[in-house]
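K.L.:
Based on the sequences and whatever the hints tell you, model everything.
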Amino acid sequence: MALNGTKVTDGKEPVLVVLQLSGGNDFMNTVVPYGDPLYYDFRKTVGVSEEDALHIDSRVGFHPVMTEIKSMFDQGDVAVIQGIGYPEPDRSHFRSMDIWHTAQPHDFSDEGWLGRVIREIDPGKKNVVTGVSFGAGLPRAMYLTGTPAISVSELESYGLLTSLSGNKHRRALNAFTRMYVPEEFEEGAMVMQHIGQIGTDALAGVDMLKTAPGLYSSSIEYGADPLSQSLRGVAQVHLAGLGTRIFYAQHGGYDVHGRQVQTQEKLWGEVSKAVDSFFADLREHDAAEQVVMLVFSEFGRRVRDNGNGTDHGSGGGAFMIGSRVNGGLYGEYPSLDPAEQVSGDLRFNNDFRSMYSTVLDDWLNIQPDSIVNGHFEKFDGILAPLTS
Amino acid sequence: MVDEDRRIIAHLFRRAGFGAAPAEIDAATVVGYEATVDDLLYPEGHERPQEDLLERFHSEHCDEESPRWSALKWVYRMINSDRQLEEKMALMWHGVFATGWAKVTNGQMMSRQYEMFRDSGLSGFGMLLQKLSRDPAMIYWLDQHTNHADAVNENYGRELLELFSMGRGNYTEDDVRACARAFSGWTMTHVLPRYPTGYWPADFVYRAEDHDDGEKTFLGETGNFNGDDIIEIIIRQPATGTFVAREIYKFFVADEPDEAAIEQIANAYFVNDFDIREVMRFVLKSDFFKAATFKRVKSPIEFIVGTLRLTGQHRDAYQFGLAEVPKLSRMMGQEILNPPTVEGWHTGREWIDSAFLVERVNFATEKLTDTEAPGIVDIARHLSDTRTSISSADLLELCANEFVYIDLDDATREVIAEELSIPEEVACSGDEVIEAVAEVLALIGASKEYQMA
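Residue numbers (our numbering), protein chains in the order written: chain R, 5 to 392; chain C, 4 to 456.
Just so you know, not all the hints are guaranteed correct.
Unchecked claim - Partial list, derived from the structure: chain C residues whose beta carbon lies under 10 Å from chain R:
no., residue
1, L331
2, M335
3, P343
4, E353
5, S357
6, D373
7, L423
8, P426
9, L446
10, K451
Hints listed in this document are in silico derivations from the structure and should not be mistaken for laboratory results.
Yeah, the Cβ is synthetic: ideal placement off N, Cα and C, and Gly gets one too.
P.N.:
Structure below.
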């Protein structure tokens, strides 16, 4: 428990890892309101029993496979933000994910909130690996025109011109390095200069990230699943000290219209173990204190199950995890009373932009309002800043 | 040196289509530039690609409800259609009238919209706007189904003026209001969630009882206007001519606007009674078009499809991995049928960002080093048919000038020549020539110049 306000941090900068659960995680079966009889009225087939739930208090408990997260919670390192959402919920995965990515529920935007964060952290674009995403392609959250961000599908094989090998690869990389020199061009060739500069940045990013696996050794054995491997990659890059401040990882499959019971067991089992391995790895290297993880999903699911799974809903829940997190339950668990529901969904009572604002202001030391497109009340006391 | 005729035909195919293999350029050079333009302008003269096989062979992706299937079908057509300009026009209008499945969610509605752009992309601009205003995906995308006689939703009315025709500064807020009123009652048959019944696509429906038939004053004209009357007024506005000209210039000619050329295109728009086919004929035959070689950054989908048309991959339905194509385009920053906003994609240099550039370069080199790709095999065969050996310097010249049709900067040419690992003299037989070709193409594909079209 590292909430000691005088803790020396060696001038280290706070790091944020965002973990996206794609498909609409069923919050009601993640943090289960087992103490409310209505829960069992609505969740006749996919409900988690009182005996199985990992009790947090006399009302709610974690899904039974979340044993590692439960112990981290017991150590005070997990904050559960209940009833999170935004006004006029959109039940399209893609639109709702966009809203979370751009912090813009009403208008369409192509500026990602983390893209803006990266620009704030490194306005001079001095470090091309300030933001690194693991997964297939850069998430819109990290995209901002003119702001570099790196997207890695697998760290070990990450690189440029990767379909070539051996001598051909070395020589092609030489060629690339020489071809993408951002030299001065005559008027009208500005675009070639831009491409040259971006090529140089990309190569610098590749060269920096490539060093990470070689510098890394750890006694922690991560699972073989993609999420574990992504978080292992995050750990490797973080531990390599490359100055990355924003990490992104994704885990998919949460769209449980059917086979919810089996699917959720698998997914949350993976999340719980992967997150536990990740923080254990960081602790082993005395590098955990700098890192806070934010876990979110684009929406929750309907209160009443459909006989085999649950359909798209609105209000859900999010998590913040880390040793500088002041663990516990935040916000109210939305009422299951039909009169309180919004067309069959949980009524959100915490705006996700409040959570973003909390992370920005209390963790990353960035003024939140221009990042989240407005002023939102923060959650008090969830995070203990490194500088305090 | 490149043969100038072939060079300009290659340019035409890169712009009015998704690029062409050397044999196609040879054939077009025989009939000549002007005739090739005229042929491109009449897509009806060619069959569309056969798609039954696509559905059978890619049955694992064949889900009519899914926008991913819509995107897969479209990229198959981009790669294979002999009606190249038709697909290119559809891509342009998709970027202008940007509609995304993030909100629409229904694959069939997205397909129908794109097919409308494909079928009407060369028609009169008025006809195109009429169809756009009746398109269910667009109606849902811009909330037009909530535009009622007694409760006006201005979203579509506003974007029609701001983003789909004249542009800001050419109308007042009163015009927006009048425009929106004229489209009240233009709606769709139903809005249903996917579950539990599954999607079926909505159709356009006009509800006279929900239409505000009162008098409206729009851009200085007064009458009991309905939507089509508004469109008639819009297409005659000078600002609309400039808008259409600018979009066509940006998409077909160059990233950097040339105001004089845009004015000429706008003039062609009015002279030809708003007919897009004739505007395109003017553009493709103009000197400014012919002079604009490599003045555009390839969009991700142009980059991908152009490379595949060169290597000859996915040119029949029996090849796995077609679903990768739209996915790769997304990873490079352009998710087909799902632009980020109603403003479409930011084009030009904004396509090049560090994460996207890595994807582009890796994709191009992967495809261009595939020694089994039909296009690469053809190039090697052509070489072994015509000579017994070739110097590495000549091979580079030949690949750049006659196979890829790219203007390499002298510095780039020098770097590639120095970093090639192939023998100084390449035997034009067996594996040696094909591997040499692949390596040369890969380095060309990794160049800055290859990012441009």
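K.L.:
Against the structure shown, which of the earlier numbered hints fail to hold, in ascending order?
P.N.:
8
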